[in-house]
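Q: Line order of the protein sequences matches chains A and B.
Take the position in the first sequence, starting the count at 1, then add 1; the result is the number in the working numbering.
Take the position in the second sequence, starting the count at 1, then add 875; the result is the number in the working numbering.
FYI, nobody ran anything at the bench for these hints, they're computed from the structure.
Please read these numbers as outputs of a predicted model, since none were measured by experiment.
By construction, the Cβ of each residue, glycine as well, lies at the ideal position given by its N, Cα and C atoms.
It cannot be assumed that every hint is accurate.
Stated by the list, open to error - Cross-link-like lysine to aspartate or glutamate pairs, in silico, EDC-like; alpha carbons within 20 Å at most:
hint, chain 1, residue 1, chain 2, residue 2
1, B, Lys967, B, Asp912
2, B, Lys1026, B, Asp1045
3, B, Lys980, B, Glu1000
4, B, Lys1003, B, Asp971
5, B, Lys980, A, Glu68
6, B, Lys1026, B, Glu1000
7, A, Lys222, B, Glu938
8, B, Lys1003, B, Asp1017
9, B, Lys1003, B, Glu932
10, B, Lys1003, B, Glu1022
11, B, Lys1003, A, Glu269
12, B, Lys967, B, Asp1042
13, B, Lys1026, B, Glu1002
14, A, Lys222, B, Glu1002
15, A, Lys222, B, Asp1045
16, B, Lys967, B, Asp977
17, B, Lys1026, B, Glu938
18, B, Lys1003, A, Glu172
Claimed, not checked - Listed next, the stretches of chain A that the computed footprint assigns to chain B, with coverage defined by at least 3 CB atoms under 8 Å from CB atoms of chain B:
hint, stretch
19, 62-69
20, 197-203
Here are the chains, one letter per residue:
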Amino acid sequence: MHPPFSVIFLTTLIGAGQGLFLALSALELGVFGTPPAARFFVVGDVIVLILLGGGLIASFFHLGHPERAWRAVTQWRTSWLSREVIALPVFGALVAAHALAHYLGAPSAAVIGVVAAGASLALYYITAMNYVCIRFLREWATPLTVVNYTLLGGASGFLLATVLAAWGHTEAAGDLAQASVVLTAVAAVARILTVLRNARLRPVSTLQTAIGVRNPRIVQKSPGFSGSSFNTREFFHGRTRAVVRLVKWIFLVCTFPVPLILLTLGAEGGLLPLAVVAFVVQYVGLIAERWFFFAQANHPQNLYYQVAG
Amino acid sequence: MTQLALVIDLNVCVGCHACVTSCKEWNTSGAAGALSDQNPYGADPSGTFFNRVQTFEVGAYPETQTVHFPKSCLHCEDPPCVPVCPTGASYKRAEDGLVLVDYDKCIGCKYCSWACPYGVRELDENEKVMKKCTLCVDRVNDTSLPETQRKPACVLACPTNARLYGDIHDPESIVSRAIRENGGYQLMPEWGTQPANHYLPRRTASDVDRQLSATVEQQRPAEPRPAPLPSTP
Chain A
2 MHPPFSVIFL
12 TTLIGAGQGL
22 FLALSALELG
32 VFGTPPAARF
42 FVVGDVIVLI
52 LLGGGLIASF
62 FHLGHPERAW
72 RAVTQWRTSW
82 LSREVIALPV
92 FGALVAAHAL
102 AHYLGAPSAA
112 VIGVVAAGAS
122 LALYYITAMN
132 YVCIRFLREW
142 ATPLTVVNYT
152 LLGGASGFLL
162 ATVLAAWGHT
172 EAAGDLAQAS
182 VVLTAVAAVA
192 RILTVLRNAR
202 LRPVSTLQTA
212 IGVRNPRIVQ
222 KSPGFSGSSF
232 NTREFFHGRT
242 RAVVRLVKWI
252 FLVCTFPVPL
262 ILLTLGAEGG
272 LLPLAVVAFV
282 VQYVGLIAER
292 WFFFAQANHP
302 QNLYYQVAG
Chain B
876 MTQLALVIDL
886 NVCVGCHACV
896 TSCKEWNTSG
906 AAGALSDQNP
916 YGADPSGTFF
926 NRVQTFEVGA
936 YPETQTVHFP
946 KSCLHCEDPP
956 CVPVCPTGAS
966 YKRAEDGLVL
976 VDYDKCIGCK
986 YCSWACPYGV
996 RELDENEKVM
1006 KKCTLCVDRV
1016 NDTSLPETQR
1026 KPACVLACPT
1036 NARLYGDIHD
1046 PESIVSRAIR
1056 ENGGYQLMPE
1066 WGTQPANHYL
1076 PRRTASDVDR
1086 QLSATVEQQR
1096 PAEPRPAPLP
1106 STP
């Protein structure tokens, strides 16, 4: 598949935002000791909203007709994309309500926080199901996609929460850094398992089933046109194998070992600058990860477009 | 329930692209707006088409065959592109089984094209909406046309009659008979999409010989029985 940067930014930005909110919710529930002051939650919620807003803006660049985007809320009965279009603003509204409740000092903040944390987890599931449900894109059609979207977003968000705590709630910063280490390590296991699984996939569809000719030797002579088409642009990444391999190694290195090393160093002191660098490096890694996620998915329609001209 | 479809006979398709050009001509001229082209006279021409004819070489020399393979929307009975559409722009019509796109509702998210294993949906780069074969929905139901003309443009254009059109749910239709009698098959049956369009497989020379001799055998008048020998007393 051709990796669309609109979707890459959408999923990585909201993934980080959702993870940050889950960390805020854990702080609020006292998982990391005495909860921080209301001001900390307001700042955190605003950052979550900025990330969600950034993702939402990025997603509009994916659409041919963004002015009609409101129509996408109508098919929630069948379409995971429609469910995502509903779940994202619902989660955003809950985060905004959470921020407002903390700002006003309302006791309902904790309840709203729990509900919003549930919405955050649901949104991970819904986002991933957009890919899982396309059953013939077998690199995507696995429960590992849900696990990866949740763990990678969670790791990114908890790392951002570590930055935030190192700045405004140092009591919990060490614990949050440890939680980030655990999430990053577990995400690494799941994502590497996925890379290994996908490398072993055998194609179900072949040129034989695509055109219905049983002969084992079929060579395409013409795709039916001399230039390019939507089919040759949308479903191929258009890069060499070397570039795809390079991106894979960028994501494998930047997303997992580098943040783990930086956070381990941060335990000795100077956590704030190290956590900032770790978050930025991991975010770059996540962009590469999402690019690779698309590039490695081999669409069966590509069987019909094996030669140009 | 009607399910309109094409049956494409790979034995007689000569790869002339008349179906491609007639499709483009009819569908770019209608009320739904043009099928846009980008850079049509330049080095890398591109454009929106509902129908393509691809060419494959099958077998190893000297036993090779050239197969011309027309490909357009297969109007699946269980179309995976429809339920994923977030706006309801993509739909399958109950009355005739056509899979259609409401261009005024399409937001151009391309998700339906990802969900189609056959690659038969194309985003119109000028209008930014998803387009696909309608089986000439604006011809086949047009009662102002003479009945013989109420067929998709590609079917009318085909010089070798490789494209048959009809209702595959009517067992006596020309398409149902062709599927039944000539081993009509579906593309990528492994995904359970149940394409309505079928293809008739290539017959080899020996297949044709066998069929011909069977026909000759049937038509030959029964030989007169040899008269019983007169019994000698």
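Q: Please verify whether Lys1026 of chain B and Glu1002 of chain B have alpha carbons no more than 20 Å apart.
A: violated (27 Å)
Q: For a C-alpha distance cap of 20 Å, please report whether Lys967 of chain B and Asp1042 of chain B respect it.
A: holds (15 Å)
Q: Is Lys1003 of chain B within 20 Å of Glu269 of chain A, Cα to Cα?
A: violated (54 Å)
Q: Starting from Lys1026 of chain B, check that the Cα of Asp1045 of chain B is at most 20 Å away, please.
A: The hint holds at about 17 Å.
Q: Under the criterion that the straight-line Cα-Cα distance not exceed 20 Å, is the pair Lys1026 of chain B, Glu938 of chain B satisfied?
A: Given pair Lys1026 of chain B, Glu938 of chain B is violated - Cα atoms ~37 Å apart, limit 20 Å.
Q: Sort out whether Glu1022 of chain B lies within 20 Å of Lys1003 of chain B, counting only the CA atoms.
A: violated (35 Å)
Q: Does the stretch 197-203 of chain A contain three or more residues whose Cβ lies closer than 8 Å to a Cβ of chain B?
A: violated (count 0)
Q: Need the status of pair Lys967 of chain B, Asp912 of chain B: alpha-carbon distance at most 20 Å?
A: Violated, at about 27 Å.
Q: Does Glu1000 of chain B sit within 20 Å of Lys1026 of chain B, going by the straight-line distance between their CA atoms?
A: Violated, at about 28 Å.
Q: Can the stretch 62-69 of chain A be counted as covered by chain B under the rule of three residues or more with Cβ-Cβ separation shorter than 8 Å?
A: With 6 residues in contact (Cβ-Cβ under 8 Å with chain B), the coverage given for the stretch 62-69 of chain A holds.
Q: What's the verdict on Lys222 of chain A and Asp1045 of chain B, does the C-alpha distance respect the 20 Å limit or exceed it?
A: Violated. Lys222 of chain A to Asp1045 of chain B sits at ~36 Å, over the 20 Å cutoff.
Q: Quickly compare the C-alpha distance for Lys222 of chain A and Glu938 of chain B to 20 Å and report which way the hint goes.
A: With Cα atoms ~16 Å apart, Lys222 of chain A and Glu938 of chain B stay inside 20 Å; holds.
Going down the numbered hints, you'll see the structure goes against 1, 4, 6, 8, 9, 10, 11, 13, 14, 15, 17, 18, 20, while the others check out.
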